[in-house]
Amino acid sequence: MPIHDITLQTLLLLSCFAFLAGFIDAIVGGGGLIQLPALLIFLPQYAIPTIIGTHKLASVSGTLVAASQYIRQVKVDWKVMVPSIIATGLFALMGARLVTSLDKNVLKPIILVLLVLVLIYTFLKKDLGTDHTPKYIGKKFLIGGLLTGAILGFYDGFFGPGMGSFLIFAFVSIFGLDFLHASAYAKILNCASNIPAIIFFMSSGDVLFEVAIPLGIANIVGSVVGTRLALLKGSGFVRIFFLIVVTGVIARFAYDIWK
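In terms of UniProt numbering, the sequence shown opens at residue 1 and continues consecutively.
Treat the hints as calculated values from the structure; they're not laboratory data. None of these values were measured; they are calculated from a predicted model. Possibly wrong hints are sitting among the right ones.
Taking lysine-lysine and the BS3-like style, the derived pairs with C-alpha atoms no more than 30 Å apart in a straight line are [as the list claims (entries may be wrong)]:
(1) 75 - 139
(2) 79 - 233
(3) 75 - 135
(4) 125 - 233
(5) 125 - 135
Working from the sequences, and respecting the hints, build out all of it.
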């Protein structure tokens with residue numbers, strides 16, 4: 001169906017959802033829980049690959065802006081991140097190639113249990129992510145970053161929901177970073193995992209640029225507001241948002257499984 005069949009009112013509503021998605025995603029990830037369902041609801045006439053491709057192009061715009069803002073305010077170990085970015089992108093591509101050969105529904109109960117454990121652990125450890133006390137440096141940090149990028153990059157390419165939450169939790173609980181540094185690293189690796197998928201969807205013609213561009217702009221504005229608020233309020237504020245978003249992801253998975 002041609003793009004002009006999408007009304008201005010629909011585009012404005014989708015832009016509002018994109019702003020909210022960018023705002024939440026910039027702080028703790030999980031913006032896809034808002035933007036993707038909105039696209040599915042308001043654009044039912046389009047195929048699922050086209051919806052996903054449009055969503056990814058719009059959302060990565062905000063993620064890139066959020067990452068750039070975090071990088072200016074938070075010190076990033078690029079000796080670790082550059083190899084991790086490469087590993088994340090490669091394994092995301094591998095996950096995307098396997099997406100048609102495995103049943104993703106099998107993963108949903110497993111991911112649901114893992115997210116519940118993440119929520120409980122984060123809630124009980126009140127000081128988790130409030131102090132920046134890295135547990136690993138040098139080669140250990142590099143190896144850990146590579147493994148984290150590879151495992152979660154593959155997951156994002158194959159399945160995806162909760163990727164940002166898992167990344168932040170890994171950097172906070174395993175590496176000992178605070179929530180602000182963890183959010184910065186998570187945004188960088190999120191970009192690395194999404195770009196190969198976006199290239200794939202663009203090459204197959206599964207992107208509505210007339211929708212993705214205005215949604216991308218709204219996503220960027222939301223990301224700027226969310227990132228600045230996170231940097232202003234600090235890790236305690238991000239921790240609260242993290243708990244809220246993980247709870248939302250759990251509710252979404254539970255609903256999908258029940259349905």
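Hints, verified against the model:
no., hint, in the structure
1, 75 - 139, "holds, 18 Å"
2, 79 - 233, "holds, 28 Å"
3, 75 - 135, "holds, 16 Å"
4, 125 - 233, "holds, 20 Å"
5, 125 - 135, "holds, 17 Å"
The structure shown violates none of the earlier numbered hints.
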